[in-house]
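Assemble chain B onto chain A, guided by the hints.
There are 2 protein chains.
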Amino acid sequence: MARLREQINYLWEKSPFYRQKWEESNFCPALLRTLDDINRIPILHKEEIRLSQEQDPPYGMMSVPGRGPFIRIGMTSGTTGEPVIIPFTEEDYFGVYCAGAARAVWAAGIRKEDVVHAAFGFTPFLGLAAAYDCCEHLIGSLVIPGGIWSSLMRLTMIRKLGITVLMGTPTYLLHLAKVAEENGIDARTLGIKTILTAGEPGKMSIPNTGVRLEEAWGARIFDYCGTQETHYLAWLCDENVGHINEDLAYCEVLDPETDEPVPPGESGKLVVTDLISKTHPCIRFETGDLVKGIEAGATCACGRTLSVMKGFMGRVGDIIKIRGVCVSVAGIENVIRGISECSDSYEYIASKTEGGMDKITVRVEPKYDVDSGQWDDLRKKIAQKLQLSFMVNMDVELLAPGTLPVYELKAKRFRDNRPPITDTGEVSTKAAEKATARV
Amino acid sequence: MARLREQINYLWEKSPFYRQKWEESNFCPALLRTLDDINRIPILHKEEIRLSQEQDPPYGMMSVPGRGPFIRIGMTSGTTGEPVIIPFTEEDYFGVYCAGAARAVWAAGIRKEDVVHAAFGFTPFLGLAAAYDCCEHLIGSLVIPGGIWSSLMRLTMIRKLGITVLMGTPTYLLHLAKVAEENGIDARTLGIKTILTAGEPGKMSIPNTGVRLEEAWGARIFDYCGTQETHYLAWLCDENVGHINEDLAYCEVLDPETDEPVPPGESGKLVVTDLISKTHPCIRFETGDLVKGIEAGATCACGRTLSVMKGFMGRVGDIIKIRGVCVSVAGIENVIRGISECSDSYEYIASKTEGGMDKITVRVEPKYDVDSGQWDDLRKKIAQKLQLSFMVNMDVELLAPGTLPVYELKAKRFRDNRPPITDTGEVSTKAAEKATARV
Numbered sequence: 234m235a236r237l238r239e240q241i242n243y244l245w246e247k248s249p250f251y252r253q254k255w256e257e258s259n260f261c262p263a264l265l266r267t268l269d270d271i272n273r274i275p276i277l278h279k280e281e282i283r284l285s286q287e288q289d290p291p292y293g294m295m296s297v298p299g300r301g302p303f304i305r306i307g308m309t310s311g312t313t314g315e316p317v318i319i320p321f322t323e324e325d326y327f328g329v330y331c332a333g334a335a336r337a338v339w340a341a342g343i344r345k346e347d348v349v350h351a352a353f354g355f356t357p358f359l360g361l362a363a364a365y366d367c368c369e370h371l372i373g374s375l376v377i378p379g380g381i382w383s384s385l386m387r388l389t390m391i392r393k394l395g396i397t398v399l400m401g402t403p404t405y406l407l408h409l410a411k412v413a414e415e416n417g418i419d420a421r422t423l424g425i426k427t428i429l430t431a432g433e434p435g436k437m438s439i440p441n442t443g444v445r446l447e448e449a450w451g452a453r454i455f456d457y458c459g460t461q462e463t464h465y466l467a468w469l470c471d472e473n474v475g476h477i478n479e480d481l482a483y484c485e486v487l488d489p490e491t492d493e494p495v496p497p498g499e500s501g502k503l504v505v506t507d508l509i510s511k512t513h514p515c516i517r518f519e520t521g522d523l524v525k526g527i528e529a530g531a532t533c534a535c536g537r538t539l540s541v542m543k544g545f546m547g548r549v550g551d552i553i554k555i556r557g558v559c560v561s562v563a564g565i566e567n568v569i570r571g572i573s574e575c576s577d578s579y580e581y582i583a584s585k586t587e588g589g590m591d592k593i594t595v596r597v598e599p600k601y602d603v604d605s606g607q608w609d610d611l612r613k614k615i616a617q618k619l620q621l622s623f624m625v626n627m628d629v630e631l632l633a634p635g636t637l638p639v640y641e642l643k644a645k646r647f648r649d650n651r652p653p654i655t656d657t658g659e660v661s662t663k664a665a666e667k668a669t670a671r672v
Numbered sequence: 234m235a236r237l238r239e240q241i242n243y244l245w246e247k248s249p250f251y252r253q254k255w256e257e258s259n260f261c262p263a264l265l266r267t268l269d270d271i272n273r274i275p276i277l278h279k280e281e282i283r284l285s286q287e288q289d290p291p292y293g294m295m296s297v298p299g300r301g302p303f304i305r306i307g308m309t310s311g312t313t314g315e316p317v318i319i320p321f322t323e324e325d326y327f328g329v330y331c332a333g334a335a336r337a338v339w340a341a342g343i344r345k346e347d348v349v350h351a352a353f354g355f356t357p358f359l360g361l362a363a364a365y366d367c368c369e370h371l372i373g374s375l376v377i378p379g380g381i382w383s384s385l386m387r388l389t390m391i392r393k394l395g396i397t398v399l400m401g402t403p404t405y406l407l408h409l410a411k412v413a414e415e416n417g418i419d420a421r422t423l424g425i426k427t428i429l430t431a432g433e434p435g436k437m438s439i440p441n442t443g444v445r446l447e448e449a450w451g452a453r454i455f456d457y458c459g460t461q462e463t464h465y466l467a468w469l470c471d472e473n474v475g476h477i478n479e480d481l482a483y484c485e486v487l488d489p490e491t492d493e494p495v496p497p498g499e500s501g502k503l504v505v506t507d508l509i510s511k512t513h514p515c516i517r518f519e520t521g522d523l524v525k526g527i528e529a530g531a532t533c534a535c536g537r538t539l540s541v542m543k544g545f546m547g548r549v550g551d552i553i554k555i556r557g558v559c560v561s562v563a564g565i566e567n568v569i570r571g572i573s574e575c576s577d578s579y580e581y582i583a584s585k586t587e588g589g590m591d592k593i594t595v596r597v598e599p600k601y602d603v604d605s606g607q608w609d610d611l612r613k614k615i616a617q618k619l620q621l622s623f624m625v626n627m628d629v630e631l632l633a634p635g636t637l638p639v640y641e642l643k644a645k646r647f648r649d650n651r652p653p654i655t656d657t658g659e660v661s662t663k664a665a666e667k668a669t670a671r672v
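Heads up: the sequence lines are chains A and B, in that order. Read in order, the letters of the first sequence are residues 234 to 672 in the numbering used here. Read in order, the letters of the second sequence are residues 234 to 672 in the numbering used here.
One chain only, chain A, in its complex shape (with noise of 0.2 angstroms):
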């Protein structure tokens, strides 16, 4: 609460746009007598900090004015549109976002002695790179870039190299581990002791996503998550605990719809207050995402007593409803990885019938070694577990292994092919907009 206080008396004196924004919606620090008072204060969207970057480029809102110099930037992966830039002074960098990635690192048990292996390009994007800096600055492992080396280079040197930690993507993981397979390699004999997942759903929101790489590598799967825009949020723990840096950011979680928070431990819309960087503070930020619920005053195991994330269900546009039923796109993606036939290739398109009725098609790739006289039995397999987790039918479509693109960075998995809703439709225009938006 301090610090909430702090952060927020400094942007009232500091920030014109959020004066302005709380001016205009009647909002001034006074009011912040208790944590409660928080929904005083209007939710900011990431549209009003893109605006706001096309009228003062390139930071706009993101950099409170005189702060600097920069020494790194963030930009988000523009998956909903013109890429947010988020400029980190030294100070913001190392001491607030490096330092809550580096939870997650010590959670998983990452230290000096370690090699460390980036199976990423570097950009911007900071969901990974940010780890390894940490490996890097705060831990000092021995660190090794090669975004772009090819899938068996980094397999050889993997083993030359006596790689002991692999970061990078599920999705790229998943399909290194195949590479592997293909080439009479056993990925699990390559010495890995430890992965570390992120920008994507990993171990924490799809469980079955972290059974796969783990039995794929024979190791421990780490995983965290976070937003450029604020920080690193949750991280795995060795009991598969999800904990939150609440420390570093304030996190709500409030009905979609009415912007009310949900019971305790209840799931809904993410919304993330910075309570410690200085340059670019998101003060109540919508994030899009859809959280399983979080749980405060658990001791876990791990003998850690941060509140709990239970893990990610998807974007805010990433739950379709279908004739009235709520989907999760995370939820399908924990079917799926949790059927042994299926490959780790598949993608599911949102469309209507002619008929004007909803529909998904979950289209998926079996894996190579299964014989395409199974396909029906499978198909159909998958279609009974979809209807067992979500009592709606989808249409199910098996396609040739290596038909779908292999994604190194974020997989879009999701099409929605739906024409937008008018606001007397069953899903809202909002989120209709979003989910068009993301395609």
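Read the hints as simulated data drawn from the structure, not as lab findings. Hints are not guaranteed to be accurate.
Repeated chains share a single entry, so a pair holds when one copy, or any two copies, can fit it.
[Unchecked claim] Taking lysine-lysine and the DSSO-like style, the derived pairs with C-alpha atoms no more than 30 angstroms apart in a straight line are:
1. Lys543 with Lys247
2. Lys511 with Lys393
3. Lys345 with Lys614
4. Lys393 with Lys279
5. Lys345 with Lys247
6. Lys393 with Lys525
7. Lys393 with Lys614
8. Lys279 with Lys254
9. Lys618 with Lys247
10. Lys254 with Lys393
11. Lys393 with Lys247
Only chain B this time, still in chain A's reference frame:
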């Protein structure tokens, strides 16, 4: 001399590799009385390093026993075989390798206020990465990676993010300017003040490459060079003079046939002794580079009194003997870059005529705006200029623009299709083997 003596004594004590190598050739530190005695120390060949790494992976003799922990590795690009792996402690990396790079960066006028973009993918090839690390760690500029960006994305970001410094290979940065032109963007208006190139011969060695880059970007071009095994050796100042980091490394220029020193200022092969690094010191390392010469004792107009590197002429294997005449690959490049109708894409092939004569074929892409009606004149012009430079006739072929590959890292422009030559031939077996190994 004191540094050299200290280094030699240290290795005599600590490195079984050097102890054995030196004892076998009857050298011991006591023999080192004056600087001239350095030629009593046997030369170190890349093959010896490679062999030691095969026997004692991954570092072999590149790691003095007991040194560590390592925070970085370097890897040679492997153009002449299996890459050599060079481990760095924090002290060797930031205190020596990056400190050497820092002089190049500083001489290029890059300061904290600059926004530095890495137009290359990060791998353990440190040629470019260390200058970037130096901007990040030692100078504190805003550094922006983006090796995996498309060229068009990169051009957009240069403008959007206010990038002032570009780092990359000459080949790629010339290509990037071409992409700008093709998309109606004048690269000279993008705000780049400074370009620092490495990884391939740049302005120091091939002045016309510098002129091309300056014209294309409207920026000052700086260049530096070195080897992964040793250091950053030399870098350009404001006066376009190459200065040697002579306190970090001792450079000798030797006759490629006899291994005897050439007279001061004359050309020959470069042999380098690392005076400082404690983990991987190379003593009298045969770099495989041919230099135009080194001059000591002058004071540059920039005020520096360091010895001067007159530039590189190519690799030892890149001097092709054609009918008794030495032709340097870098020399061909300089001729082509001096002809305005030629694009930056070309390659050269050495082969034998049916009659058994040596033959060089130079294949060049004209610029897009050169009418094909002018091609025959251009072909003659190139052949004539090459003849004037080398007093040897070469075949010139023109190729449709876009035929040859674009290289992001080191360009491979030379192929030697001649059969290996015996030691009775006009090229020594060793040089021919090297040339062949590079194909």
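Hint by hint, which ones does the structure fall short of?
-> Violated hints (numbers, rising): 1, 3, 6, 7, 9; every other hint is consistent with the structure.
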